[in-house]
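One-letter residues, chain by chain:
Protein chains: 2
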Amino acid sequence: MGRREQKFWGWGEPGAGPPLPEEVAGFLRSAFGVGGDVVNRPASLEDVILPTRELGHGVRRRIAGIVGEAHVRDDRLTRILRAAGKSYLDLLSQRSGRLETAPDAVVAPGSAQEVQAVLEACSADGVAVVPFGGGTSVVGGVAARRGAADGVITLDLARLDRVVSLDERSRTACFDPGVRLPEADRVLGARGYALGHHPQSYEWATVGGCVATRSSGQASTGFGRIDENVVALRCATPAGEVSTLPVPASAAGPSLRELLTGSEGTLGVLTELTLEVRPVSEARRYEGWVLESFAAGADVLCDLAQSGIAPDVARLSDETETGMSLALAGTGSLKARSGVSFLRARGAREGCLLIVGWEDAPQGIGRRRASAARRLRAARGRYVGRATGEAWRAGRYGAPYLRDHLLDRGVLVETLETATTWSNLERLHRLVGHALRSALDTRCLVACHVSHLYASGASLYFTVLARQDTSEPVTQWLRAKEAASRAIMDAGGTITHHHAIGRDHASYLPGEVGTLGIDMLRAVKAQCDPMGIMNPGKLLL
Amino acid sequence: MGRREQKFWGWGEPGAGPPLPEEVAGFLRSAFGVGGDVVNRPASLEDVILPTRELGHGVRRRIAGIVGEAHVRDDRLTRILRAAGKSYLDLLSQRSGRLETAPDAVVAPGSAQEVQAVLEACSADGVAVVPFGGGTSVVGGVAARRGAADGVITLDLARLDRVVSLDERSRTACFDPGVRLPEADRVLGARGYALGHHPQSYEWATVGGCVATRSSGQASTGFGRIDENVVALRCATPAGEVSTLPVPASAAGPSLRELLTGSEGTLGVLTELTLEVRPVSEARRYEGWVLESFAAGADVLCDLAQSGIAPDVARLSDETETGMSLALAGTGSLKARSGVSFLRARGAREGCLLIVGWEDAPQGIGRRRASAARRLRAARGRYVGRATGEAWRAGRYGAPYLRDHLLDRGVLVETLETATTWSNLERLHRLVGHALRSALDTRCLVACHVSHLYASGASLYFTVLARQDTSEPVTQWLRAKEAASRAIMDAGGTITHHHAIGRDHASYLPGEVGTLGIDMLRAVKAQCDPMGIMNPGKLLL
Numbered sequence: 025m026g027r028r029e030q031k032f033w034g035w036g037e038p039g040a041g042p043p044l045p046e047e048v049a050g051f052l053r054s055a056f057g058v059g060g061d062v063v064n065r066p067a068s069l070e071d072v073i074l075p076t077r078e079l080g081h082g083v084r085r086r087i088a089g090i091v092g093e094a095h096v097r098d099d100r101l102t103r104i105l106r107a108a109g110k111s112y113l114d115l116l117s118q119r120s121g122r123l124e125t126a127p128d129a130v131v132a133p134g135s136a137q138e139v140q141a142v143l144e145a146c147s148a149d150g151v152a153v154v155p156f157g158g159g160t161s162v163v164g165g166v167a168a169r170r171g172a173a174d175g176v177i178t179l180d181l182a183r184l185d186r187v188v189s190l191d192e193r194s195r196t197a198c199f200d201p202g203v204r205l206p207e208a209d210r211v212l213g214a215r216g217y218a219l220g221h222h223p224q225s226y227e228w229a230t231v232g233g234c235v236a237t238r239s240s241g242q243a244s245t246g247f248g249r250i251d252e253n254v255v256a257l258r259c260a261t262p263a264g265e266v267s268t269l270p271v272p273a274s275a276a277g278p279s280l281r282e283l284l285t286g287s288e289g290t291l292g293v294l295t296e297l298t299l300e301v302r303p304v305s306e307a308r309r310y311e312g313w314v315l316e317s318f319a320a321g322a323d324v325l326c327d328l329a330q331s332g333i334a335p336d337v338a339r340l341s342d343e344t345e346t347g348m349s350l351a352l353a354g355t356g357s358l359k360a361r362s363g364v365s366f367l368r369a370r371g372a373r374e375g376c377l378l379i380v381g382w383e384d385a386p387q388g389i390g391r392r393r394a395s396a397a398r399r400l401r402a403a404r405g406r407y408v409g410r411a412t413g414e415a416w417r418a419g420r421y422g423a424p425y426l427r428d429h430l431l432d433r434g435v436l437v438e439t440l441e442t443a444t445t446w447s448n449l450e451r452l453h454r455l456v457g458h459a460l461r462s463a464l465d466t467r468c469l470v471a472c473h474v475s476h477l478y479a480s481g482a483s484l485y486f487t488v489l490a491r492q493d494t495s496e497p498v499t500q501w502l503r504a505k506e507a508a509s510r511a512i513m514d515a516g517g518t519i520t521h522h523h524a525i526g527r528d529h530a531s532y533l534p535g536e537v538g539t540l541g542i543d544m545l546r547a548v549k550a551q552c553d554p555m556g557i558m559n560p561g562k563l564l565l
Numbered sequence: 025m026g027r028r029e030q031k032f033w034g035w036g037e038p039g040a041g042p043p044l045p046e047e048v049a050g051f052l053r054s055a056f057g058v059g060g061d062v063v064n065r066p067a068s069l070e071d072v073i074l075p076t077r078e079l080g081h082g083v084r085r086r087i088a089g090i091v092g093e094a095h096v097r098d099d100r101l102t103r104i105l106r107a108a109g110k111s112y113l114d115l116l117s118q119r120s121g122r123l124e125t126a127p128d129a130v131v132a133p134g135s136a137q138e139v140q141a142v143l144e145a146c147s148a149d150g151v152a153v154v155p156f157g158g159g160t161s162v163v164g165g166v167a168a169r170r171g172a173a174d175g176v177i178t179l180d181l182a183r184l185d186r187v188v189s190l191d192e193r194s195r196t197a198c199f200d201p202g203v204r205l206p207e208a209d210r211v212l213g214a215r216g217y218a219l220g221h222h223p224q225s226y227e228w229a230t231v232g233g234c235v236a237t238r239s240s241g242q243a244s245t246g247f248g249r250i251d252e253n254v255v256a257l258r259c260a261t262p263a264g265e266v267s268t269l270p271v272p273a274s275a276a277g278p279s280l281r282e283l284l285t286g287s288e289g290t291l292g293v294l295t296e297l298t299l300e301v302r303p304v305s306e307a308r309r310y311e312g313w314v315l316e317s318f319a320a321g322a323d324v325l326c327d328l329a330q331s332g333i334a335p336d337v338a339r340l341s342d343e344t345e346t347g348m349s350l351a352l353a354g355t356g357s358l359k360a361r362s363g364v365s366f367l368r369a370r371g372a373r374e375g376c377l378l379i380v381g382w383e384d385a386p387q388g389i390g391r392r393r394a395s396a397a398r399r400l401r402a403a404r405g406r407y408v409g410r411a412t413g414e415a416w417r418a419g420r421y422g423a424p425y426l427r428d429h430l431l432d433r434g435v436l437v438e439t440l441e442t443a444t445t446w447s448n449l450e451r452l453h454r455l456v457g458h459a460l461r462s463a464l465d466t467r468c469l470v471a472c473h474v475s476h477l478y479a480s481g482a483s484l485y486f487t488v489l490a491r492q493d494t495s496e497p498v499t500q501w502l503r504a505k506e507a508a509s510r511a512i513m514d515a516g517g518t519i520t521h522h523h524a525i526g527r528d529h530a531s532y533l534p535g536e537v538g539t540l541g542i543d544m545l546r547a548v549k550a551q552c553d554p555m556g557i558m559n560p561g562k563l564l565l
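Heads up: the sequence lines are chains A and B, in that order.
Going letter by letter, the first sequence gives residues 25 to 565 in this note's numbering.
Going letter by letter, the second sequence gives residues 25 to 565 in this note's numbering.
Since the hints were derived computationally from the structure, they do not count as laboratory data.
In this text the structure is predicted, and so the values were computed from the model without any measurement.
Using N, Cα and C, we set each Cβ at its ideal position, and we do this for glycine too.
Among these hints, one or two may not hold up.
Selected chain A positions facing chain B (Cβ under 10 angstroms, derived; list incomplete) [stated by the list, open to error]:
1. 288
2. 332
3. 449
Whole structure, please, built from the sequences with the hints as guidance.
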């Protein structure tokens, strides 16, 4: 593999990320009665218990014949590093040292042809294949489940890491699936372009992984979700290869591109992605505003989105999240000191913080900001300065690092998200918050923000913090997640706006697309993957 | 059915549409040596030969039991009116009075439940079902082919003609499938909204038909293709109903919405569509420019699209189409008298006419027009005034009426279209033009315009005019169409940007999506339509 790796039990490389801010101990005490001392340390590497390897010698040899012996690894560390993703449940499992879903081997093909050959070999031998890009799934998408198969390999796409080509005239670029987002932007940036896709997992996520899971960057309001930026793709499946034409639009029947996008490795492996790119922004401006309430903030965001003058980044925190920012000012992504000082100065505890950002030519920013600022002021929004916005931007990949510190201190911390129409947004916000608080039945904080705007609606992103039930932490979270998911489904939201289905949402997909919808997806899967080896237990149960 | 009907052999109601302008006789003579007299009249109703009805009495009774006897019609006129669409080949067949694809009966359900029940009855009895919306297909999409079935009915959606609801806050509206576009806009307009979808078939096309075929309105550059505006849909299939959630975006796996959009009645019948709507434009401005060449025009359109300042409507004619406008000034959609006078005055025969239009608030138009005009002037574009643009707008639904006049006079006239990336646009333009001219092997005009802009590329829309081979008119066109389609596929264009696949493009779909792509679509069809009754012979051969 050879490239940078995250620690097996948490986010980022060992020692990376911001330290826990001093304010937090006091916050944890007052919010949950949690002391703030480290009460829980992750298992050491030596203590991790792995399942027995079950991959047959014959198939292992055949796979090695395709990719080369050096690229089939089944040492302890490699298996541990590919056993799971980065959800709260994954972290609990990793930290406890019980990794039930480690692959038998990790296979790193060096070309699309090798991917194709490995899939065919595994299909013939009944070995499950779990594609692995950045490994940042928070829905159980990369856990190496074997399903009914005789063995399971993780197909690590790390060696397929090139920006293949750039078509400047058409503003499209072709990528290998395993190229990480910062590397994609670095290569494009040398020619003046950027992918412009910035999920919180930016530092680790891969282009192929983002497309396979319908990722949505923090600037999706301005730059589009990744699925909106896909021009064409190529996919290896056990039944052969399928690819779509690189054309801007087509009326040639149902969209296969949209069938493979979001397929989460259950149909095959995306081996080449052609995406729209954009010139590197000449300038940027991020700033903070305070709205009087979440409802008032949602109103003005709806207005901005429908008037075509939404900022590229727009993130409205509800009262609870704004209060958390107040308490945790100085912390990673929650750092918004200036806005917070302003709030404090005004005694405006009930206000809601709005971060807005533009990335454009200076003139464009000036013009677009002026339009938006007029609407924000008309909605009684108070400008709280650029420092607030820049602080958010500087810390925008920080939350997952903070999470590790909180887990050390016995705090449950997880996120979930949905999307709905504007007319249903406040109801959904209320019902999901209520469901989470009721189910947790302990001192907890349920914070929420809107961060992806569309003409017809927006996403809602919830962060849950509670005192961890240290005896039954998994059950504690599953109960809360189930309640939230039921509330989302009952209120007509989608079970996921950008985290994907994976394992954790698979039981809710039938509620979203219906029995026939599931049967249609199954029919496609049976065609592409007749032996059912592709990422078993994900997407379709 | 009870609503307005087009004449069975041509476009629009009898007598509707503009007369043939006087200039045309001279144009036809000089262009093709065609005299300009009427040499070919359509068959009279009495002379039309229909296939024998084959629908069994039992199934007819069962269907009548569902929709009511009054809504199962198999009289001559009804069958004739539902036998085909509006392509050149359809018109040849209709005008000759040989309608080989008339349905055995035309069934008009009154609700989504009745649609569902009819599909189940037909599936049980092995009767083919051809959904019929506006009947404006130009790719053979509504011809009542029975395939392997024992009979064939046309499912006329005319009674499902309501705007069901409008969600003003979310700017979405829910439609019955059979509501025609002008009626949709009339109902929405009373509340200040519009669908904003204006294909050339606007007067007749239905909302469901547009979604089922991935239609693209003339203002798609500003308002989006219809597939970009679909928020949710509901579809009846022989295997049951499937529906998607009305949410602005989702990461819940492959998109079923995008699988049903463009399915052309081969999976089922769209019974409810939720689309984005927009406020009625406060103002509009259409105007003409002349660019020095097609290449220069494409360059500036690419620039406008990629800079986010494209007009809502942008239509660049190549040299041939501009010359045709010159010759036919005064004619239907080609009326562009002012621009033409300007061209004549300047002696600029080599110029290319560009129509641009904005529909927005006056302030928005002013600002957006100023940005675009700066780029157009920088590209050495010459402004030729609003009259040119307004004339185009006034005549923009006129071409199909003109076509009937041309057929009367022994002229072959047909259109075809594609889309590709900006970097491939001029090559595709050149190759398709060459293929058509070579294949026709007679005096002909191959005109082209770009009319739908995207960041990564654009569409190309070709109009072909030639002296008709009156002994073998079908073969004459099939040869030309085959040559153009091969050129499109060879050059990497899509076989259709907005006309859909239907019958006429079905043999090219495997070239576009590959064998596995076809197998994936077939697998979905087998799931939804196990007896293969849905629109046989369309989309998938």
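Exercise. If you check each hint against the structure, which ones fail?
Worked result: Of the numbered hints, all hold.
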